[in-house]
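Just so you know, we're using our numbering here: the sequence shown kicks off at 1 and counts up by one.
A couple of the hints might just be wrong.
[Stated by the list, open to error] List of simulated lysine-lysine pairs, DSS-like, C-alpha gap at most 25 Å:
{"hint": "1", "residue 1": "K43", "residue 2": "K134"}
{"hint": "2", "residue 1": "K286", "residue 2": "K267"}
{"hint": "3", "residue 1": "K346", "residue 2": "K438"}
{"hint": "4", "residue 1": "K346", "residue 2": "K398"}
{"hint": "5", "residue 1": "K221", "residue 2": "K292"}
{"hint": "6", "residue 1": "K456", "residue 2": "K398"}
{"hint": "7", "residue 1": "K277", "residue 2": "K267"}
Read the hints as simulated data drawn from the structure, not as lab findings. Keep in mind that this is a model prediction, so the values were computed, not measured.
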Amino acid sequence: MGSRMYACGLPIPLFSSQRNQHQPPIMASLTIRNLSITPLELKSVERFEADAVPGPGGFANITANATSTIKGLLNPITRSPKPGLVAKSVDAHDRHDPNLRVDPFTTHATEIRSADPGREVIRLTFEEPDSGGKQYQVDIPGPSPRSLTLTRLNGAEKEFTAIYVPTGAFLALMSSANLSQWMHEIRDDLPISVLSLPGTHNSPTCHVALPSVRCQAVGVKQQLASGVRFLDIRVNCSADDEDLTLVHSVFPISLTGTKRLDADLFKDVYEFLDQNKSETVLISLKREGPGKGTDDRFGRILHDNPRYLGGDNARRWFTEPRIPNLGEVRGRIVLVRRFGLEEGLKQENGGGGWGVDASAWPDNCEDAPTGSGLVRVQDFYEITESTNIQKKIDLCRKLLEKSGECRFTGGSPPLFVNFLSASNFFNASCWPERIAAKVNPAMVEYLCMRHGEDHKGPNGLACGDCATGIVVTDWVGHDGDWDLIGCIVGWNARLQLKQ
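Using the sequences provided together with the hints, build the complete structure.
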């Protein structure tokens, strides 16, 4: 992650309604939230005149113009980020030393005036208490509209990330996890359902395809290396062969050639887990596409064929019908089953079945359990107008709050699966990337500003262990933007306080 300047979904007015255009703005005061396990002290606040950092010019838009080429239609929509700011000189025009302590997972409303928009940069210097002067420094707003890694001073060894919401004058600080091995810090006895798990929707759909089909900017290999631990996979099954191919609804995921479940997906996951044995990956498998194969046939092929979960590959998978503890599944894949079973597979595991059962999946649901009770899902996806996106954002926040309310007391809550994705094939303003461009920043803001705060969520619930559950995203990693994934992973630090 590198400080993101989000347009806050919960804005704080920065200007007095009585002010005329010749009066200076009334600036909000800075709020600081420490979302790491390390106490920090704010030692100094310096103010500098700002210069803008030019951003990349221009952006490509998909249009309904009759002269649009098919190449233009299939390209992703790109947007230039807003330019960041840098200090114009090395000399601050103002400095004071607040010596404010910000303990782990606490929020402090300060009396520090926020930066004058577009004209000023504030440099904050934090220090680890009793560390011999180890310090961390960040400028807000920063040179990037995304997150910033704090500069380490005086031999400081830890890494911290800042996300700044300027319209809320809100700064969130979190540990910069090693995203390829972030589970390394979590103890073995915790059920995977109490973790905060980033996921992707239609995970392998990063290839050249219709814009309503493509949901991801990068491939599964890069997703895993960047912290994603839940993959949503849709598979076509035919009645007359055992080749399982990757699809999105009835469409192939690539217009440049068929992609296969074994060679183009499982291979990447196996390689990742072989190299990162502290990690686990949850894979949700669902039968879709034009093939005439049934769920019974699909399950039997997966179970028996050594190209999939059969033979030697069986050792790589956790297929018991329960939610495991992390220690049981490090280096392995957890099967989340979104298909029915034939009678023989129902007798697996002492008659309990095969895999975590999510076969009775509620369609287009706002918040509902699956039939087994092991999974609870928000998967409202039928967006008919761009204005409906706000309803989607509200539903996502509500399930985040409900997941965060749970407490681990020796049992296991269900897997909360929270889809941020939605689309409408017939409305270009509701294609996956356009929805993600609104939903993803709103979720970053919520996770930084409201998640884990008692009674500050949409339903006013009390805070429990603050797990986000499984948050299933579209279009993460676009132009190197992994802020949402980093924010989800960051909430696992709360579990370290219980160790």
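Hints, one by one, checked against the model:
1. For the given pair, K43 sits about 11 Å from K134 by alpha-carbon distance, which is consistent with the 25 Å threshold.
2. For the hint linking K286 to K267, the alpha-carbon distance of about 18 Å falls within 25 Å, and the restraint holds.
3. Among the hinted pairs, K346 with K438 is inconsistent with the structure: their alpha-carbon atoms are about 42 Å apart, more than 25 Å.
4. Simply put, K346 and K398 have alpha-carbon atoms about 34 Å apart, too far for the 25 Å limit, and the pair is violated.
5. Under the criterion of a C-alpha separation no larger than 25 Å, the hint pairing K221 with K292 is inconsistent with the structure, at around 30 Å.
6. With a CA separation close to 11 Å, the supplied pair K456 and K398 stays within the 25 Å bound.
7. Of the supplied pair hints, the one linking K277 and K267 holds, its CA atoms being roughly 15 Å apart against a limit of 25 Å.
The structure does not agree with the numbered hints 3, 4 and 5 stated previously, though it agrees with the rest.
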